[in-house]
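There are 2 protein chains.
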Amino acid sequence: MQSLLSLRTRIEAGTLTPRAAIALSEAAIAEREPDIQALVSCQTNPVVPERGPLAGIAVGVKDILDTADLPTQMGSPIYAGWRPRADAAAVTRLRRLGAVPLAKTTTTSFAFLDPTKTRNPHHRGHTPGGSSAGSAAAVAAGMLPLALGTQTGGSIIRPAAYCGVVGLKPSFGLLPTVGMKCSSWTLDTLGLFTAGVADAAHALALMTGRPGLDLPASDPGLPRIGIVLQDFCTPAEPEALEALLRVRTSAEAAGARLRDITLPAVFAEAFGLHGTIQDFEAAQALDWEYATHRVDLGPLLGAHLDAAQKISAAAYDASMKVAHRARRQLPDLFAEHDVDVILTLSAPGPAPEGYASTGDSRFNRLWTLLGVPCVTVPVGRTAIGLPLGVQTIARLGDDARALAAARFIEMLVHDSDR
Amino acid sequence: MQSLLSLRTRIEAGTLTPRAAIALSEAAIAEREPDIQALVSCQTNPVVPERGPLAGIAVGVKDILDTADLPTQMGSPIYAGWRPRADAAAVTRLRRLGAVPLAKTTTTSFAFLDPTKTRNPHHRGHTPGGSSAGSAAAVAAGMLPLALGTQTGGSIIRPAAYCGVVGLKPSFGLLPTVGMKCSSWTLDTLGLFTAGVADAAHALALMTGRPGLDLPASDPGLPRIGIVLQDFCTPAEPEALEALLRVRTSAEAAGARLRDITLPAVFAEAFGLHGTIQDFEAAQALDWEYATHRVDLGPLLGAHLDAAQKISAAAYDASMKVAHRARRQLPDLFAEHDVDVILTLSAPGPAPEGYASTGDSRFNRLWTLLGVPCVTVPVGRTAIGLPLGVQTIARLGDDARALAAARFIEMLVHDSDR
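Those protein sequence lines, which keep their order, are chains A and B.
Sequence positions in the first sequence follow this note's numbering and run 195 to 612.
Sequence positions in the second sequence follow this note's numbering and run 195 to 612.
Keep in mind that the hints are not guaranteed to be accurate.
No copy is singled out in the list; a pair is fine if it fits within one copy or between any two copies.
Straight-line alpha carbon distances no greater than 20 Å define the calculated EDC-like cross-link-like pairs of lysine to aspartate or glutamate that follow [claimed, not checked]:
hint, residue 1, residue 2
1, K515, D592
2, K504, D473
3, K311, D229
4, K515, E463
5, K311, D490
6, K504, E206
7, K515, D425
8, K504, D609
9, K311, D554
10, K311, E227
Source of the hints: derived by calculation from the structure; they are not laboratory data.
Fair warning: this is a prediction, and the values are worked out from it, not measured in the lab.
Could you put the whole structure together from the sequences, leaning on the hints where they help?
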């Protein structure tokens with residue numbers, strides 16, 4: 195994989211020009227893209243800024259985000275060839291930092307569940323996950339050092355875990371969703387895919403103008419970790435649980451303090467209501483597409499929006515009340531158990547076989563609804579080489595702690611790989 | 195003015211067809227628009243649905259909201275002739291209800307402060323206010339029974355008051371902003387302009403699928419009212435204060451319970467930080483336009499975004515903390531004073547003379563930041579015929595009470611006019 199920080203170190207040392215760094219991405223795309231199919235479109239001969247803290251960094255932009263110079267097709271024939279007037283806010287910000295938005299990456303139709311053409315770089319025949327399939331796969335295949343994705347259910351953390359890359363879903367609202375095709379204004383969250391945790395922290399710090407989010411090159415410290423297994427939903431697969439157990443053992447051996455946390459009932463309740471909130475809002479957000487192009491929606495999205503027409507405003511309002519209650523209660527949970535972060539699985543198991551499904555978001559939906567920062571880290575592979583991931587989760591606005599704990603786990607895994 | 199409910203009563207009685215109702219709007223536009231200049235574009239020979247609870251209702255859509263069949267120009271040459279792919283969610287919803295989005299109404303450039311060409315229907319030479327200038331003026335001039343507007347500072351309540359119509363800024367998030375050009379994701383609120391309070395309540399009930407928001411045709415009841423004068427900012431003009439006093443006197447005479455409320459310090463603090471939040475977010479939301487078309491932004495917006503570049507993330511984060519504190523404290527204020535609604539001025543005075551300014555939003559910014567429902571009602575005229583307005587304000591989510599109290603005041607004013 196291409197590390198954003200390694201590229202930047204070489205560029206700052208003068209041993210690599212920004213133009214040559216972009217050429218590395220272009221060469222990797224030429225080599226891997228025919229097999230992986232992570233991209234929808236790609237710049238040819240892009241203008242490469244010579245300066246800026248992200249000069250030389252090629253970025254993949256999920257095709258649900260507006261770009262003025264590349265089509266924005268939302269993974270849907272309804273937007274075939276569509277050219278927005280403006281770039282999404284995050285894309286403009288990346289340009290200001292010197293980065294090159296080089297390619298649009300595949301998205302499931304309107305970032306929902308209908309699969310893309312993209313393949314998992316670690317195992318042909320397995321899904322890369324979704325909805326940010328292309329962003330996860332492009333980083334995993336070494337084509338790009340940075341990609342933008344979005345999560346409404348589990349669309350950053352799940353594909354990142356399936357593809358063996360770092361996925362960062364920051365606190366709700368930290369990265370602007372302006373210029374993103376909305377599917378739920380309560381849930382839509384913009385985030386990042388990178389090779390390593392420090393790469394993601396560095397990009398987030400620059401993109402948000404918050405230097406405190408950057409990780410120091412030195413020791414991230416010893417986190418106090420609460421392990422959550424979400425016993426209110428179907429249990430995870432043994433391989434995933436074993437990977438989490440290995441992380442636990444190494445973390446304790448390294449001196450971190452771990453304890454088990456059972457989530458109070460309000461969180462189980464909120465978990466069960468995520469779909470009501472998402473679907474009620476999606477029915478409004480995608481109402482023009484549903485009213486005028488029902489037949490061209492993906493089959494899964496179409497059927498989902500059919501059902502969503504029946505959700506009452508009262509059911510939505512009641513669900514939002516529970517969500518607010520759970521959000522208010524979460525800081526107390528961290529305080530009561532005296533933990534910096536929660537650690538749980540990024541997905542119930544490795545990437546499922548086949549391309550009919552993008553996998554299951556049940557380890558993501560609650561945390562998206564709570565708006566809290568989540569970082570997934572690769573923690574090994576299954577017998578057939580499929581990546582597994584765990585995610586660190588912090589309080590709303592405490593992205594720095596989620597990143598530091600993720601970096602701690604990444605270093606543990608790296609040490610044990612030696 | 196055209197009353198939405200009166201038109202609908204005639205249509206339901208079979209004495210007016212939807213097509214003929216739309217023709218009334220078309221005729222009024224032909225007569226008044228050359229003078230008022232409230233519209234950017236208008237459908238010719240629109241398809242008029244025969245059925246639906248808003249069949250026969252012509253709607254004005256602020257030109258900051260996407261429409262697939264009419265250009266969407268944001269009040270800016272940067273978007274000259276721009277045609278979005280989809281309708282904004284609220285526009286699709288109106289179509290589903292049978293309404294006809296007939297015209298786009300003028301907006302200041304990106305809903306900021308640079309004035310439009312629109313004139314105040316009540317006094318040539320005075321501003322109609324902004325940023326939803328065209329929507330307010332078109333309803334005031336009797337061209338349309340319903341118009342959509344947006345408020346980030348004071349862009350619904352102020353122009354509605356200046357033009358002598360009802361303006362409704364619902365609770366934050368109640369009407370979806372999907373397909374609205376964002377300037378601040380924390381503040382942007384979609385709302386309505388109508389001839390009367392019951393018209394606005396009826397439209398809001400239908401658009402949100404919440405029948406409980408509709409006003410009963412009968413007595414709205416006696417509200418418990420707390421009067422707020424915002425003594426932390428420059429005092430209002432005498433004519434406006436006198437109008438508020440007259441409302442107070444008639445309300446008490448009618449049996450309502452009124453008391454004065456001095457806002458605790460956190461609200462003054464939040465008031466002062468609205469600009470930091472708006473500008474920090476606008477700098478991101480409009481960053482593509484600023485980076486690529488700085489010279490074509492309005493002069494006021496351009497200068498504002500220049501200054502906004504210097505707002506730090508830390509200043510923004512600190513401001514958001516104060517805003518959250520004020521939001522949490524507001525329900526206690528209502529409870530402590532045992533009031534249903536707050537009553538205050540909609541603007542510091544009548545529409546100022548001239549077209550260089552759209553007026554002052556200091557009686558609006560705090561309430562936009564708090565996300566609470568506000569309804570402005572016309573309460574008389576100045577000596578030279580300019581309308582004055584007062585606004586009712588309720589707790590977040592308590593739009594029904596804000597509407598009922600506004601209806602109560604509207605009926606008082608109507609009675610005293612007799």
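Review point. Which hint numbers does the structure go against, in order from smallest to largest?
Key: As far as the earlier hints go, 6, 7, 8 are violated by this structure, in ascending order.
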